[in-house]
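Participant: Residue numbers (this note's numbering), protein chains in the order written: chain Y, 1 to 444; chain C, 1001 to 1070.
The hints are simulated quantities; they were obtained by calculation from the structure and are not laboratory data.
Treat the hints with care, as some may be off.
What the hints assert, rightly or not - Here are the computed lysine to any residue pairs in the SDA-like style, where the Cα-Cα straight-line distance is at most 20 Å:
(1) C/1046 to Y/94
(2) C/1013 to Y/94
(3) C/1052 to Y/79
(4) C/1052 to Y/297
(5) C/1058 to Y/274
(6) Y/94 to Y/79
(7) C/1047 to Y/274
(8) C/1047 to Y/293
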Amino acid sequence: MSSKVLTVLQGLGPVGSPGAVSSVSRCRMRAGASYVQCGRFGSGSVRGLTGSGSVRGLSGFARGSMNVFNRTMKRRQKNWAASQRDRQQYDYLKDEVGGRVADRVYDVARTFPLALDIGAGRSHIAEHLSKDVVQRLVLTDASEETLKQRRQTEVQTRCVLADEEFLPFKDSTFDLVLSSLSLHWVNDLPAALRQIHQVLKPDGVFIGAMVGGDTLYELRCSLQLAETEREGGFSPRVSPYTAVTDLGNLLGQAGFNMLTVDVDDVQVHYPGITELMTDLQGMGESNCAWNRRLLLHRDSMLAAAAIYKEMYGSEDGSVPATFQILHMIGWKPHQSQAKPARRGSATASFGDLSAFNQRSGTKEPHTNGHRGAQSRHLVHLFTACWGRWQQNTCNLGTGLGPGPWSPLCSTNSFDDSGGAEKCFPVCPDQHLSWISTNTFLDYV
Amino acid sequence: MSGSNVWSRSREKIRIFPELFAQCTTEAAAYGKCVAATTTGRQELKKDLCSKEFEALKTCFTNAAKRRGK
């Protein structure tokens, strides 16, 4: 449990903090009038409202509804990938992330009678779960072929063919909702998270993992530079991802509390760019955005291969591809959950924390020595990171200005009033105050 | 789908791409350095800025393909 708390505090720091990916070169380039910052920081966090494609009034908001991805195409791509003969060899990333999500389920000391897995694929999470943690599991996916090939698991499962944005379940049915690597193809992420919130019972938990932030930035950069040099312009080749900072706010706006967001960087090495692209296609992760260009010119591909190898290649000739996995845990509110302490009700001050360290020799009667040492270490880390975390939750809207889901300005796409854009500050105290010195140690 | 068609031919070409690319490492490195230099330097990346290096790379690549075809 302590390691999870540590990752909460570290993960919300800036992406370039130590412990993240090893440093690689940044590339900046001007492309015509727009300035694109291509590199580890700030890229891919803008999800534009592309005009092409019909406007789906799925939430009743006609103007500005999100329609970035062609969901029919995504279903076809997943069905195709599932019908390939060598499909098993592409499962490595999903298996790895599924295992990590299952770890987080085990960390919650509860048994869940009924759970839902959204975008289950070949049930990468379910094969790690056991009957005493999850009793019954409902697997949903948009692609029928992948569901047919689900792996064996001892948990009782049921398959439902459903889209992630249109969950066909009644409110308050599930104790646990899982999602591994499928929310990054969802058009309207706030609405999907709200639906997840609705199908959860009070005191239910949502544990998810999605790719975000800087995933595949090397591929994106190489293709961008190659196309600019060869063809004079470029089009988005890698689909847009949610940034880490936006994710916490999305979850908060959907109604979850006691949020945990942490970032896992998975770096996979490939012999070259074509192997990477073939693997992405085999995983069913080909681009399906409406604004994608259907042709990749052979000159551009050759140029991109050369650029990728030169800019990011390692000594043994392989090239890395970064997958930044964002893990999120959110709880549906319930009376039994710890509430933020009332302001002004603190009985201890931060000044007392330094006194903690000096009492290293004495044994506390109610806690054993090991637990005491652990909690002291955590309190130290907590105070050290306090300032940084506060700064990062206040200082939102990074990089290329407020995107559609930036917390600083809410557009009318998920606001009932339909009026002019209104900007509201997100109160960081709401997130920070639940960690008062009393309750913090209870979570150790 | 059976037999030789556009899909299977292009898949085959993609499959042998790394083999041919591996025979042109020097030209690829030269081209890569030329483009990478624009990201750190003051010069903006424009169309055909590194066309000389790219032509060298492309001729090397097509020669490798011809050699393999024989």
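Participant: Hints first: check each against the structure and report whether it holds.
Facilitator: Structure-based check of all given hints:
| no. | hint | result |
| --- | --- | --- |
| 1 | C/1046 to Y/94 | violated, 39 Å |
| 2 | C/1013 to Y/94 | violated, 28 Å |
| 3 | C/1052 to Y/79 | violated, 43 Å |
| 4 | C/1052 to Y/297 | holds, 18 Å |
| 5 | C/1058 to Y/274 | holds, 17 Å |
| 6 | Y/94 to Y/79 | holds, 16 Å |
| 7 | C/1047 to Y/274 | violated, 23 Å |
| 8 | C/1047 to Y/293 | holds, 19 Å |
Checked against the numbered hints given earlier, the structure breaks hints 1, 2, 3, 7 and satisfies all the rest.
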